[in-house]
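Starting from the structure of chain A, add chain B where the hints point.
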Amino acid sequence: MKILTCPLNGPRNISEFTYGGEHHSMPDPNTTDSRAWAEHVFFHDNAAGIVTEWWCHSASSFWFLAERNTITDEVIRTFEASEIYNQRIDFVAASTVEGS
Amino acid sequence: MPFGLLKYGLSKDYPAQHHFTPAKELKKHYDVVIIGGGGHGAAIAYNLAKYHGITNVAILEKSYLGGGNTARNTAVIRSNYLTESGVKFYSESVKLYNNLSNEFNYNVMMENRGQLTLAHSDAAIRSFRWRAEVNQHLGVRSELVDRQTIAELVPNLNMSEDSRFPIMAGLWHADGATARHDAVAWGYAKGACDRGVELHQLTEVEAIDIANGRVTGVKTNRGSIACGAVVQAVAGASSIVAKKAGIPLPIHCYPLQAMVTQPYKPILTPHVSSPQVHVYVHQTSRGEFVIGGGSDPYPLYNTRATLDQRESLSAAALELFPFLAQARMLRQWAGTTDMTPDYSPIMGLSPVENYYLDAGWGTWGFKATPICGVTMAELVATKKVPDLIKPFELERFYRFEQINEAGATAASH
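First to last, the protein sequences are chains A and B.
Residue numbering for the first sequence follows my numbering, starting at 1 and increasing by one per position.
Residue numbering for the second sequence follows my numbering, starting at 1 and increasing by one per position.
Everything labelled a hint here was simulated from the structure, so no lab data went into it.
The hints are all genuine.
No farther apart than 20 Å at their CA atoms in a straight line, the calculated lysine to any residue pairs in the SDA-like style are these:
hint, chain 1, residue 1, chain 2, residue 2
1, B, K390, B, F400
2, B, K243, A, A48
3, A, K2, A, V51
4, B, K243, A, H44
5, B, K28, B, Q201
6, B, K243, A, T52
7, B, K244, A, E39
8, A, K2, B, Q332
Same shape as in the complex, but just chain B:
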């Protein structure tokens, strides 16, 4: 009933639910300061407050909640990675995602659609077989599938043998999923703020105070704060913030571009990606086709969209789904990815005492949000590095023990 809805909307008693209490004045001291109010920062605060009883926490966000890479990723959740450390870490995250709406009592619109990666060469089939074996060994649903199965899974995929790169086989990952990325950040922020955490938006950290190798506070554009510990969770600006604490990082920032079509009827269920033609495509629950995965060829701190990427992403998407030729583009955007040399994140201790790193999130940050919240909060609360994130510490680069995560990006490997 449209009039009923109008009446409801104009009513003084409109029960609009606030996700968090608007920021007050900054306190002089917090036990923990989290720099970065994205999914990761909010998840760490949520876990500190709910499971470790640490509620004197401030999240400092220079812009607005979830407005950085949390808003710019393409919301892919999967765990079909290649290294043991990677698969264990991301599969825990997928498990947490599956229960996230219950955890929050807030709908994050989790959809278990499955993910299909396409092989167009013998070399790709070999590497997929390897990945499938590693995944199955660690309890992740991942298997090599033939052309017939692919045609059944994605009936509208171009299976022609006359295309430039005919599809030979695929890696089917039944655990693959998607969720509403904004809702993930909002759910965590709401849960954290309900338990006493303060979210301060438009609050930028300008300097980090360090005395005797230990962090003592931060200076912001709204005044100075003393604190017991600092966590930086600022994917896309990790090098810039870490530099304020005097910590060099092995990161280069590249823009990653994606685009989305107008909404159409639902015809594509799984997430489909092709490392060969460099594209991934999925249809959102709103009906838009998300076409993603184009990294700029050189580092840049800029989220502009380019015609080059639009052309190459379109060409690749049309090769897989020729019917998209009629689709109208709605928008194109970029996020800044922290690319590490080994395609794995940098989590854990830093050279500065009580200063914790949650960085290097490249193109794998959104899917790691829940497990990152759990493990980083445990680290801050107990000062012990959880086994799950031990391999990802910054020190690995000094010991030449990188984790070569060749399964890190859906479109580039």
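Pulled out of the complex, with its shape left as it was, chain A reads as follows:
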């Protein structure tokens, strides 16, 4: 069994984890047109090489990030999301459309 090191729970069997998709930043929903939004939602870089991606330790629902090589399947490192998301993000409610 492959081992993945959870930043919270330490090394665990990879069957305890769920892959959560590529790490990419979300465009501003208030200013993005539907084309760019579709690309954000559906399209992937799908790179061959070292990628940054979301993982979740299912048993503890702890989300974190991993750098992994998608050719050799080696995990370079895992780290807490706070390493990237170190500032508060205020999600502004989508502006209401007139008449809706």
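Using the frame of chain A, we list chain B on its own:
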């Protein structure tokens, strides 16, 4: 007579048939360049040459003919899909498969064995009834069958009511079939090369030249080529090749693993799959049991085999066919599947003019090979998108018009 055979084999006049002429130098210009020498690439070239008179065509293959996912799939042919677009498309493919050996004058070993999908829950029975209705409406032989019929169709299936997931009903698809996957690629390549198409193996595309939004040529490890049009048919590397043309794709690549036992006497006729226990099993004409359908749980560009998948596939196969406990495994392998968000392929036009996409073939590429050849060749020759593949264009994702093909994989839905 063994001596007769030996004499024949050692004879200078041994009439070995070459499937295609070995690659020559690359020409400076081709009307059409097809990237990818698998079943799909060869089928597109074959149809361009035979039915559209376009013979100045090069198939560029980075490895060898049919050595990628054409060699790695488990050779299942069926059309019991769920969406109207899917059923129409795959049923045309099944029809073409049935005549493929005649079309080539080359045996692709097509065997109409039928396919049985098992329901182990009420929810599965409901979805199978839905699929059967859609299939019958579109002329595909597909019906819901009870336990007694299942026991008659597959006498050695474990019908015990004490198993973890007892079998409640099944979706019987009489049109289900299998064929020799290598022969399909070889037949198409032979037919294409006989008509003037050039197959260049060990030729990898390194860059794609685009001027004013239009493809003008490709750079390969063996030199540059100018061309009128490019078709990419590189399942498993679609994102990588499309990126060279600046086209993003909604694809993630996952390895799909399968394994095969030693040959045994023929005892299993249809292809049997179970979405609940995540496995499908069929016996090849050589007698080997093919046990398949284990996707890795995260994306990877690697075709290694893992113990995890061997354990889970074995456990599932034993639940359906306990006698396989004595079977010896011969080999285990993986193919790289282009998984799209809606489990449908991406075919047709791309944002780059004269650059055509044949991608997103997930776990449904082999069965689509003949119809893909026909429709993609028509598109390249006429520049009009055939109705049959119109729903599968890349643009669907930008219009939020995905085709939710829940019948796409035999083992996962």
